[in-house]
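Since chain F is already given, all that's left is putting chains G and X on it; use the hints.
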Amino acid sequence: MTRPLALVLMLLLGATVLSLNLGSFRITPGELLQTAAGRGDANQELVLYRIRLPRLTMAVLVGIGLATAGAVLQGVTRNSLADPGILGLTAGAGLAVILLIYLQERGLAVPPGIRPVVAFAGAGLAAAVTFLAARRHGVVLPSQLLLAGIAVNAGLSAVTLVLSMRLDRKLYDQAVTWLAGTLVGRDWQQVLSLLPWLIVLLPILWARSRPLDILGLGDGAATGLGVDVRGERAWLLLAAVGLAGSSVALAGGIGFVGLLGPHLARRLVGPQHGRMLPLAACLGALLVVSADIVARNLLRPVELPVGIVVGAIGAPYFLYLLARAGREGEI
Amino acid sequence: MVLLAGAVALVAALVWSVSVGAAGIDLGTVWRAVFAFDHSSSQHLVIQEFRLPRVVASAVVGASLAVAGALMQGLTRNPLASPTLMGLNGGASLLLVIGIAFLPGLGFTGLMLMSFVGAACGVGLVYGLGSSGRGGLTPVRLALAGTAVSALLGSLADGIVHATRIAQDVLFYLAGGVQGVRWPQLDLMLPWALGALALAILLAPGVALLNLGEDVARGLGQRTGRLRFLASLCTLVLAGGAVALAGGVGFVGLVVPHMMRFLVGVDYRWIIPGSAVFGALLLVLADLGARMVNPPYELPVGLITALIGVPFFIYLARRGDQGL
Amino acid sequence: MHLRTSLGRSLALLIFSLFAAGAAFAQTAVVVGETPEGRTVRHGLGETVVPTSPQRIVSLHNIFSEALVAFGHPPVGATVRPTGLPDQLADGLADVATIGESDSPDFEAILALKPDLILGQADVHGEFYDLLTAIAPTVLLDEPEAEWREWFSALGAALGMQVEADAAVAAYDSEAERVKASLAAELPGETVLVLRVREKDIRVYGGSRRSGPVLYSDLGLTPHPLVPLDKEHETISNEIIPELTADHIFLMVEDEARQAGLEATALWQGLPAVQAGHVYRVNMEPWNRSTGPISFGAIVSDVEQLLLGGALR
Chain F
1 MTRPLALVLM LLLGATVLSL NLGSFRITPG ELLQTAAGRG DANQELVLYR IRLPRLTMAV
61 LVGIGLATAG AVLQGVTRNS LADPGILGLT AGAGLAVILL IYLQERGLAV PPGIRPVVAF
121 AGAGLAAAVT FLAARRHGVV LPSQLLLAGI AVNAGLSAVT LVLSMRLDRK LYDQAVTWLA
181 GTLVGRDWQQ VLSLLPWLIV LLPILWARSR PLDILGLGDG AATGLGVDVR GERAWLLLAA
241 VGLAGSSVAL AGGIGFVGLL GPHLARRLVG PQHGRMLPLA ACLGALLVVS ADIVARNLLR
301 PVELPVGIVV GAIGAPYFLY LLARAGREGE I
Chain G
1 MVLLAGAVAL VAALVWSVSV GAAGIDLGTV WRAVFAFDHS SSQHLVIQEF RLPRVVASAV
61 VGASLAVAGA LMQGLTRNPL ASPTLMGLNG GASLLLVIGI AFLPGLGFTG LMLMSFVGAA
121 CGVGLVYGLG SSGRGGLTPV RLALAGTAVS ALLGSLADGI VHATRIAQDV LFYLAGGVQG
181 VRWPQLDLML PWALGALALA ILLAPGVALL NLGEDVARGL GQRTGRLRFL ASLCTLVLAG
241 GAVALAGGVG FVGLVVPHMM RFLVGVDYRW IIPGSAVFGA LLLVLADLGA RMVNPPYELP
301 VGLITALIGV PFFIYLARRG DQGL
Chain X
1 MHLRTSLGRS LALLIFSLFA AGAAFAQTAV VVGETPEGRT VRHGLGETVV PTSPQRIVSL
61 HNIFSEALVA FGHPPVGATV RPTGLPDQLA DGLADVATIG ESDSPDFEAI LALKPDLILG
121 QADVHGEFYD LLTAIAPTVL LDEPEAEWRE WFSALGAALG MQVEADAAVA AYDSEAERVK
181 ASLAAELPGE TVLVLRVREK DIRVYGGSRR SGPVLYSDLG LTPHPLVPLD KEHETISNEI
241 IPELTADHIF LMVEDEARQA GLEATALWQG LPAVQAGHVY RVNMEPWNRS TGPISFGAIV
301 SDVEQLLLGG ALR
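Chains as they are written, first to last, in my numbering: chain F, 1 to 331; chain G, 1 to 324; chain X, 1 to 313.
So that you can see chain F by itself, here it is in the shape it has in the complex:
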């Protein structure tokens, strides 16, 4: 284990402990330990096992998912500014959710709990459209993918805007909160629907870190080194879409995690994916968990969407990165 990874894991552990101890329901650290040992009262168990722990787990998983997806996308497209959102995922999920709320307002009966499914479908469809638009003669070039993603994003946002303007204010505020990214009321059920994606996809991606390194050398060099560029790229992208899509479906449009995690990781341990991917994942988790602590507690009992807190933490750092990269010609 590299030293940065150990450090980040310690920080993550600290954030976890802090997160479990903070909230509107007063529980002392001692009581928390007792509850964890199975000797708490009913309310304390409820707070720990039904409210704080599932939400914390969700924050960790979403952070890991988004940061890993971002790192893989950046590797595949050879562009450090590629964010999971750039494939149209977030915009597609957002449009699907707005559409659902819009139909709901017009009297469509919607079973609760369907929102993540709809969001995931929206994310998947948008990514599929982006791929189709970027594909020429059966090949998807990285630059084409980025440009097609930007176009698809613009189109989806235009439609989302029109729908949002027609919404009743109450539902609109709800939609905005979702679009901004939120972890309100996340329960084990949602954790369980996100977990399989990570369990399946993370090991696959970590196992592919060497081909990812080689893809970074350019298509020609990679082919020369015996990598099936087309196939490798398609599978890596598909896996990244699955990770990012499932995270976005369950937590809304949390931005910047997919940019910041990998960026920081690269600065700490260099560009090799074998070392960089796990660190990026942990940094992503740390970022979302810390942001969630702030989101829940800053204006308690009023809660901020966690995506906005991530943005407030991430945006200044990102601006600094951009300026530096611009100066050094790294964009």
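Worth flagging that the hints you see were computed from the coordinates, not collected in a lab. Every value quoted in this text rests on a predicted model; they were computed, and no experiment measured them. Even for Gly, the Cβ is constructed at its ideal location relative to N, Cα and C. Hints are not guaranteed to be accurate.
[Said to hold, decoys possible] Derived coverage of chain G by chain X (criterion: at least 3 residues anywhere in the stretch with Cβ under 8 Å from a Cβ of chain X; other residues may be distant): (1) 21–33; (2) 179–190.
[What the hints assert, rightly or not] Which chain X residues face chain F? A few, computed with CB under 10 Å, are given here: (3) R39; (4) G100; (5) A109; (6) Y129; (7) E143; (8) P144; (9) L271.
Frame of chain F, contents of chains G and X only:
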């Protein structure tokens, strides 16, 4: 020839647009309302106070965006350079949000000025970031810098919006559309826009030379530094003015110059005036469409231009392997 | 690529079939049985046993807060809007604990209040139903349209407060009846409309919900021909302004800048209601964001003051 045909079509579109609206008013009355205005007739008032300014605004906004796009593409020799992709809306929305949230009582005019400043800053930021690196402004780098800066400005705006719950208000300013525009706003913006359009046409020969390459232009006696500065200024005024008047109307600045390249060739002396005429035509028609699709609702014009622009953008991205 | 698109297609199919199968939410609470522990109430997400006489109720939306205040039994905790408490509920909810905003309630704060019943909206809080139920018995209902009396009375029955509910409705009805009689005597046949001026559009409010039934049914006011009686509202083009010839215009303003611009036009100034000084600014909260006897009572008293204030003095 193409220019002439475009101008004729534009005049026809303007007349058509003025004569169509929610209030059914016949053509003769429209004619009299414009040229023999009678204060006591409510039909004449409708034409003068609502319909005429919105039609003029759509023409001006269309021309401004198209010319701004043409200038950007000429200066950067980058086929994807255009206001939409360069942080225009991000900057405008951030300053709009600040204006609405923290400076109440600013008024429509004040908000317009805020979004003007914001748009100019956003474009400046992307342009600076995208072009400062080694190897200059490649299309992908520009597009990514634009997306990143937009995301950045957008998340700042989101934070303020959420803290103050003004989301839907901002949305209405950002959703592209000229239906709220009346003479006071036009009086403020029109001189700037027309001035910048005229300057752009004056600069056109220089931009044409610059498009051949910095060295060629300098060899032919162009003062490229001064030219770049004036043209950039022009772009900021045009793009900022357009977004201030009409909010986010995407893709006009991307689509129209390419259309002109197809119609009149690669000479910027023709592309720039042509973009002005056809940009105006496109937006007048789009606004007409926005009104006629689903009356009495109006669609945001931005939706219509996006419906045209997105496929076109994808086509461009797919076609141009050169430099992409 | 083929795989991916067919995957998308089957996902889309799945979703549409889910739509088709989705059961409609119950609009009103229905008491389906009595047990020693309480009443079994059927609501938007299933059946819940409500205590016979709930003492510590948490409200996740203003519509329930208003109902509870009207029942004379304010909640122990309630969500707030970022704009604060609506004026018409400010007194009734003065001592109530805040539990966050309606779309992101603070579950720990709710738990800390030790509630014995939670009331929320099916469309907003449905996704939190399991968690809420783990905290306390939860009843989720959607906001009613025009038939709010039945909704309100049924909620009263479900909470064991039917007498209070019916009394609150009756008090509102008799007040509305009194003002209706004076309106019919003083301003027979004069037309009214409710206008909302937003950033880029103008809406004429209709008769289907919230202020609509109060004005056009309870108070018997004559709607202007442009009022869409069967809809919540209709968006109009600013070119229609000369046709807004109602005798009285109630105005909800969100965008002062836009309103000022509109008022400066000759067309607006030429309207009969403007020339007669019969344009009235009204408060959005009771007029357009609430349902219940307190808010509707506030509308009735606004109308009495605005339309009859001069005549009675």
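* How about E143 of chain X: closest beta carbon in chain F under 10 Å, or not? -> Holds: closest Cβ of chain F sits about 9 Å from E143 of chain X, inside 10 Å.
* chain F contact restraint on A109 of chain X - CB to CB distance below 10 Å -> holds, 4 Å
* **Interface restraint verdict for L271 of chain X against chain F (beta-carbon cut-off 10 Å)** => Violated - the Cβ of L271 of chain X stays beyond 10 Å from chain F, reaching only about 27 Å at its closest.
* **Hint status (Cβ of G100 of chain X to nearest Cβ of chain F, threshold 10 Å)** => OK, holds: G100 of chain X within 10 Å of chain F, min 4 Å.
* Hint validity - P144 of chain X Cβ closer than 10 Å to any chain F Cβ -> Result: violated, 13 Å to nearest chain F Cβ.
* To do: Given that the stretch 21–33 of chain G was listed as covered by chain X, double-check it with a C-beta distance under 8 Å for 3 or more residues.
  => holds (count 3)
* For the hint on R39 of chain X, does the least C-beta distance to chain F fall short of 10 Å? -> Since the shortest Cβ distance to chain F is 23 Å, the answer is violated.
* Asked: Hey, does the Y129 of chain X contact hint survive, CB to chain F under 10 Å?
  -> Where the cut-off is 10 Å and the nearest Cβ of chain F is about 6 Å from Y129 of chain X, the hint holds.
* Asked: Okay, the stretch 179–190 of chain G and chain X, do three or more residues pass the C-beta test at under 8 Å?
  -> holds (count 4)
In this structure, the earlier hints numbered 3, 8, 9 are contradicted, and the remaining ones agree with it.
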